[in-house]
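Put chain L on the given structure of chain F with help from the hints.
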Amino acid sequence: MTDFATKLIHNQGGIDPATGAVGVPIYQVSTFDQNVGNGDEYDYSRSGNPTRAALEAIIAELEGGVAGFAFASGMAAVSAALLIFEQGDHLIAPKDVYGGTYRMLTRGVSKWGISHTFVDTTDLEAVKAAIKPNTKGIILESPSNPLLKVSDLPAICVWAKEKGLISIVDNTFMTPYLQAPLQFGADIVVHSATKFLAGHSDVIAGLAVTADKGLASQLKFLQNALGGVLGPQDSWLTIRGIKTLKVRMDQSQASALKIAQALAKCPKVKAVHYPGLPEHPGHELLKQQANGFGAVLSFELESVELAKELMAKVKIPALAVSLGGVESILSYPATMSHAAIPAAVRHEFGISDALVRLSVGLEDPQDLLEDMMAVLK
Amino acid sequence: MTPGNRLNRKVLNPAGEILADERKCVRLVSPFHLNERGLLILPKKILFIDGRMVFMQLSSQIAQVGLCTDKKTGAISTPIYQTATFRHPGLGQSTGYDYTRSKNPTRQVLEEGIASLEGGHAGFAFSSGMAAITSVLMLYESGDHLIAVADCYGGTYRVLDKVFTKFGLSVSFIDTSSLYEIQAAIRPATKAILVETPTNPLMKIADIAAIVKLARAHNLHVIVDNTFLTPYFQRPLEMGADIVLHSGTKYLAGHSDLVCGLAVTRTAELSEKLAFLQNATGAVLGPSDCWLLLRGIKTLALRMERHNSNATAVALWLQQHPHVQHVYFPGLSNHPGKEIHDRQAAGYGGMIAFEVDDPALVPRILSQVNLIQFAESLGGVESLITFPSVQTHADIPAALREKFGINDKLLRLSVGIEAAEDIIEDLKQAIR
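Protein sequence lines, in the order shown, are assigned to chains F and L.
For the record, in the first sequence the residue sitting at position 291 is 290 according to numbering that gives the first Met the number 0, with numbers rising by one throughout.
For the record, in the second sequence the residue sitting at position 82 is 81 according to numbering that gives the first Met the number 0, with numbers rising by one throughout.
Next comes chain F alone, as it looks inside the complex (with noise of 0.2 Å):
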């Protein structure tokens, strides 16, 4: 089997045959002549585009899916794989789940009739109790935004394919390199490939992949019918990002455990949420079924004071939305990420408002946290 590293480079995506470019040409084009070319392969960029589909073909392969899926931004991967479902289906959801999908499940297709549980993803139990004779569908993130918490994806993936359950993994922390959830049985995975995938902050994507030859055709048919496709030179910027995805997540990665160990030392630090640690509760888990502990930490400061000094004076970390990019990202969940969702509802799961993400970019990590340090010393 080839490496992961090798993957990145050599696959779909690679050399173009007609002229032998090593990349995909930017095919930034609508139509295609339909009596020049291969037949019926291309006609309408919506419906596939060489440029898009080497992307496509390019997750696929990553995540060991039969088919991959490119669009316009994260939530419209997840809103074309909701919207598989339909009118009186139920969906199970994690409670902390990230605030874009909380939104469309809450105000989007609750409106046509779709309706969810939210749960603690974490408990095996809970989630087998949320199940109702019209559920149909299980979204998960693992570990999810922005405690970290860790859920058993294989279990809950078994559990839902007995129960005849489609069952959608969010898998945009991991990335394929460090967790492949199709392999453990998951039927769809989709990514905010806007994140790490991409890498580098300057594009929104999103990506699909599934196993199952008939989900394929169903997010097939969704993607080109609802129209929420990735543009061409998107798609190439996404590519370029594919790249160098190891590298950055291994260095990204060994960033944030350093990160993690010095801020669980210092004593402004109420809490660091980081599965790399070993006391953190889903660390053991997360071994089992991951390659690695991501490049995301939160952590709780003593105070709502001191969140808001911290992010007011950090110089190196962007203040910013989003996350996975080669620049440090700190973001404050309570008013940025999971702004969505109810402060009750935060609260309650332990979002507090002292609590802030840090995306480890590929700065020196002694930089940062020197940086970081200069306020909660």
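Possibly wrong hints are sitting among the right ones.
[Unchecked claim] DSSO-like cross-link-like pairs, simulated, lysine-lysine; straight-line CA separation at most 27 Å:
{"id": "1", "chain 1": "L", "residue 1": "102", "chain 2": "F", "residue 2": "307"}
{"id": "2", "chain 1": "L", "residue 1": "161", "chain 2": "F", "residue 2": "135"}
{"id": "3", "chain 1": "L", "residue 1": "402", "chain 2": "L", "residue 2": "70"}
{"id": "4", "chain 1": "F", "residue 1": "160", "chain 2": "L", "residue 2": "165"}
{"id": "5", "chain 1": "L", "residue 1": "70", "chain 2": "F", "residue 2": "110"}
{"id": "6", "chain 1": "F", "residue 1": "212", "chain 2": "L", "residue 2": "165"}
{"id": "7", "chain 1": "F", "residue 1": "212", "chain 2": "F", "residue 2": "162"}
{"id": "8", "chain 1": "L", "residue 1": "297", "chain 2": "L", "residue 2": "102"}
{"id": "9", "chain 1": "F", "residue 1": "257", "chain 2": "F", "residue 2": "312"}
{"id": "10", "chain 1": "F", "residue 1": "131", "chain 2": "L", "residue 2": "165"}
In short, the hints are calculated from the structure, not lab data.
Remember, it's a predicted structure, so these values are computed and weren't measured experimentally.
Below, chain L without anything else, positioned relative to chain F:
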């Protein structure tokens, strides 16, 4: 450009209605002013530029879309903000931009540009025309009923028939050129009327103003797909429509080099709802494609004039061809609804459908054309020919297609901006 009054920041008509204000660019003349040819006069708009009131023809505004938006450098062309996220100046502070899915500076220039050209409240850019339609359809909910034009674009039919029906949305597909049919289709659960005029591919004309009047009486939205004519020739929001949709892939971008969609809303209420859906469902247009679309729009007036004159010449030529049974083009004097079209639009566009006398001619024509490309899509600088019953409208059931006249003898031509003589010459050698 004529510098105007520096003091007045609002222009009112005698009834006290605001015709122009600083925030929005609203046109001065009524959309029903006709010139001696019976066509609309292209209206002048009042713009406020750096505090001065300026009168500008629509064609000037089109040429200046996205001009000099970068105050930092004075760059004439809008920068491509190829970024996912934006650094906040401080907690709880924002530059106005947080995350590109929610708002991107390049996309914003495009969205404000199309809103201004259509005379709407706000514009929204999507990753395809279908993403624009899908997002607009998400305004409705289970149990709602819509009325849609029967020979609508195949993609619109597909998403209504195969996606939204499974969520409990019902749709009546009717001939929207008949007010009587629309009236008869209205039910208590009806929420909106979806119109294309001229339709694709049969160029049927719907009376936008009359439909708006009927819709208002029943509290329905009127949604007009304005892809074929663009705001250069037709501005449905000025006639009271609520939402205008575009496959921007077509005439607006104009070069067959990107897939994109636009929606423009008339009211603040609809703008707020659609902004929510654009961000929530996430089918947004990337910054590079936004820039290409802005670039395309700058030449829209020139291109539309040329598409229009070329199509008129080609339609007249086709009409006298012995193997052509029928030509569908609203510029022809015998085209049904021409009078309505001339009242609501300032030109005919570049789309023609024609029926040949023998289905066996179709494959021959499609393989014989040289200058004209056999490809889906339309609205590009290059002429394209398609076979609607197996391509663009394949998703509509055969019986229904036949009933509307989309049969195996019908071809659709998107007339490009090449020399009209060359297009006609190519057709002459292919239709034999």
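Report task. Please name the hints from earlier in the document that this structure breaks, with their numbers sorted from lowest to highest. Result -> Violated hints: 3 and 5; rest satisfied.
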